[in-house]
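Trainee: Sequence:
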Amino acid sequence: MASYFEGTDIVKDESAHTHEHSIEVILPFLQRKMKGRKFKILSICMGDQSKEAATLVASIISNILIKDVTIQKKGYSEKLRLAVIASSDFSHYVSPEKAKSADQKVIQKIEDMDVDGFYETLKREDASLCGYGPIATLMMVSKTVLATPKFLKYTTSNDETESRTNVVGYAAFSFILNDKNNCNCSCD
Numbered sequence: 030m031a032s033y034f035e036g037t038d039i040v041k042d043e044s045a046h047t048h049e050h051s052i053e054v055i056l057p058f059l060q061r062k063m064k065g066r067k068f069k070i071l072s073i074c075m076g077d078q079s080k081e082a083a084t085l086v087a088s089i090i091s092n093i094l095i096k097d098v099t100i101q102k103k104g105y106s107e108k109l110r111l112a113v114i115a116s117s118d119f120s121h122y123v124s125p126e127k128a129k130s131a132d133q134k135v136i137q138k139i140e141d142m143d144v145d146g147f148y149e150t151l152k153r154e155d156a157s158l159c160g161y162g163p164i165a166t167l168m169m170v171s172k173t174v175l176a177t178p179k180f181l182k183y184t185t186s187n188d189e190t191e192s193r194t195n196v197v198g199y200a201a202f203s204f205i206l207n208d209k210n211n212c213n214c215s216c217d
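According to my numbering, the sequence shown is numbered sequentially starting from 30.
Each hint should be verified, as a subset may be incorrect.
Said to hold, decoys possible - Taking lysine-lysine pairs in the DSSO-like style, the calculated list, with each CA pair at most 27 Å apart, reads:
| hint | residue 1 | residue 2 |
| --- | --- | --- |
| 1 | 134 | 152 |
| 2 | 129 | 179 |
| 3 | 172 | 80 |
| 4 | 179 | 152 |
| 5 | 134 | 64 |
| 6 | 80 | 152 |
| 7 | 80 | 41 |
| 8 | 138 | 179 |
| 9 | 62 | 172 |
| 10 | 80 | 179 |
| 11 | 127 | 138 |
| 12 | 152 | 172 |
| 13 | 172 | 138 |
| 14 | 182 | 152 |
| 15 | 138 | 80 |
| 16 | 182 | 80 |
| 17 | 129 | 80 |
| 18 | 172 | 69 |
| 19 | 179 | 64 |
| 20 | 182 | 172 |
| 21 | 152 | 138 |
| 22 | 127 | 80 |
| 23 | 182 | 138 |
| 24 | 152 | 129 |
| 25 | 80 | 134 |
| 26 | 127 | 152 |
| 27 | 62 | 179 |
| 28 | 67 | 41 |
| 29 | 172 | 134 |
| 30 | 69 | 41 |
| 31 | 179 | 69 |
| 32 | 127 | 179 |
Hints were generated in silico from the structure; no laboratory data involved.
Please model the complete structure; the sequences and the hints are all you need to start from.
Mentor: Take a look at the structure:
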């Protein structure tokens, strides 16, 4: 899949993951879901999380999902089962009230699939999501493959630790394909 990134500003740089823990957070969930079956990960760490960078990454991922998910092996086609996953916590080290207020506004933009509004809300609310670029990328890819977000849960570290001063917010979504006939991928 590395060939999809040729000619772009996206480079292979394993050191980008040195201080990034997202893959370690996601890996146990993938291992449980896969129930011992082998799987591969193409991990993308976005240093540039601008809308322009998210658009570039989303176009590459969408191209992989829509046009080239069928591979040739010994004369037959095999559908790849692909998942696009974005990881980020939400508000960082703010009061529980500020976290919930800012995060709910961001969550609404994700539910609305409003990428422009998402970036505007981040700025207006001074929201401190560390992985907003991957979230925007996932929103863009989801629009391309006709997937819609389903909000699953929101919580803060306050709900677990009862810290009243500085909390971290967490939200979970799944993105569900509306019409599998419009996507050439096996995205169950």
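Trainee: Each hint should be assessed against the structure and marked as holding or not.
Mentor: For each hint, the structure was consulted:
At most 27 Å may separate the alpha-carbon atoms for a hinted pair to count; residue 134 and residue 152 meet this at roughly 12 Å. A C-alpha spacing of about 19 Å is found between residue 129 and residue 179, which places the hinted pair at or below 27 Å, so the restraint holds. For the proposed pair residue 172 and residue 80, the alpha carbon gap of about 15 Å is at most 27 Å, so the pair holds. Pair hint residue 179 plus residue 152 holds up; C-alpha atoms about 24 Å apart against a cutoff of 27 Å.
About 36 Å separates the Cα atoms of residue 134 and residue 64, which puts this hinted pair outside 27 Å; it is violated. Our distance criterion of 27 Å between C-alpha atoms is met by residue 80 and residue 152, whose separation comes to about 13 Å. For the suggested pair residue 80 and residue 41, the alpha carbons sit about 21 Å apart, so the restraint of at most 27 Å is met. Restraint check for residue 138 and residue 179: the C-alpha separation of about 12 Å stays at or below 27 Å, so the hint holds.
Pair hint residue 62 plus residue 172 holds up; C-alpha atoms about 25 Å apart against a cutoff of 27 Å. A C-alpha spacing of about 22 Å is found between residue 80 and residue 179, which places the hinted pair at or below 27 Å, so the restraint holds. Taking the CA atoms of residue 127 and residue 138, the gap is near 17 Å; set against the 27 Å cutoff, the hint holds. Proposed proximity of residue 152 and residue 172 is supported: the alpha carbons are some 23 Å apart, at most 27 Å.
Under the criterion of a C-alpha separation no larger than 27 Å, the hint pairing residue 172 with residue 138 is consistent with the structure, at around 13 Å. At roughly 23 Å between alpha-carbon atoms, residue 182 and residue 152 fall within 27 Å of each other, so this suggested pair holds. Taken as a hint, the residue 138 and residue 80 pair is honoured in the structure, with Cα atoms around 14 Å apart against an allowance of 27 Å. Simply put, residue 182 and residue 80 have alpha-carbon atoms about 25 Å apart, close enough for the 27 Å limit, and the pair holds.
At most 27 Å may separate the alpha-carbon atoms for a hinted pair to count; residue 129 and residue 80 meet this at roughly 24 Å. Between the alpha carbons of residue 172 and residue 69 the distance comes to roughly 24 Å, so the proposed pair stays at or under 27 Å and holds. Note on residue 179 and residue 64: the hinted pairing holds, with a Cα-Cα distance of about 24 Å set against a maximum of 27 Å. With a C-alpha separation of about 21 Å, the suggested pairing of residue 182 with residue 172 holds against the 27 Å cut-off.
Our distance criterion of 27 Å between C-alpha atoms is met by residue 152 and residue 138, whose separation comes to about 13 Å. Distance check on the hinted pair: residue 127 and residue 80 sit about 25 Å apart at the alpha-carbon level, within 27 Å; holds. A C-alpha spacing of about 15 Å is found between residue 182 and residue 138, which places the hinted pair at or below 27 Å, so the restraint holds. Taken as a hint, the residue 152 and residue 129 pair is honoured in the structure, with Cα atoms around 16 Å apart against an allowance of 27 Å.
A C-alpha spacing of about 18 Å is found between residue 80 and residue 134, which places the hinted pair at or below 27 Å, so the restraint holds. Of the supplied pair hints, the one linking residue 127 and residue 152 holds, its CA atoms being roughly 14 Å apart against a limit of 27 Å. The straight-line distance between the Cα atoms of residue 62 and residue 179 is roughly 19 Å, inside the 27 Å bound, and the hint therefore holds. Between residue 67 and residue 41 the CA atoms are separated by roughly 23 Å; this keeps the pair inside 27 Å, and the hint holds.
For the given pair, residue 172 sits about 20 Å from residue 134 by alpha-carbon distance, which is consistent with the 27 Å threshold. A hinted pair counts as satisfied when its Cα atoms are at most 27 Å apart, and residue 69 with residue 41 qualifies at roughly 16 Å. A hinted pair counts as satisfied when its Cα atoms are at most 27 Å apart, and residue 179 with residue 69 qualifies at roughly 25 Å. For the given pair, residue 127 sits about 24 Å from residue 179 by alpha-carbon distance, which is consistent with the 27 Å threshold.
Violated hint for the displayed structure: number 5, the only one.
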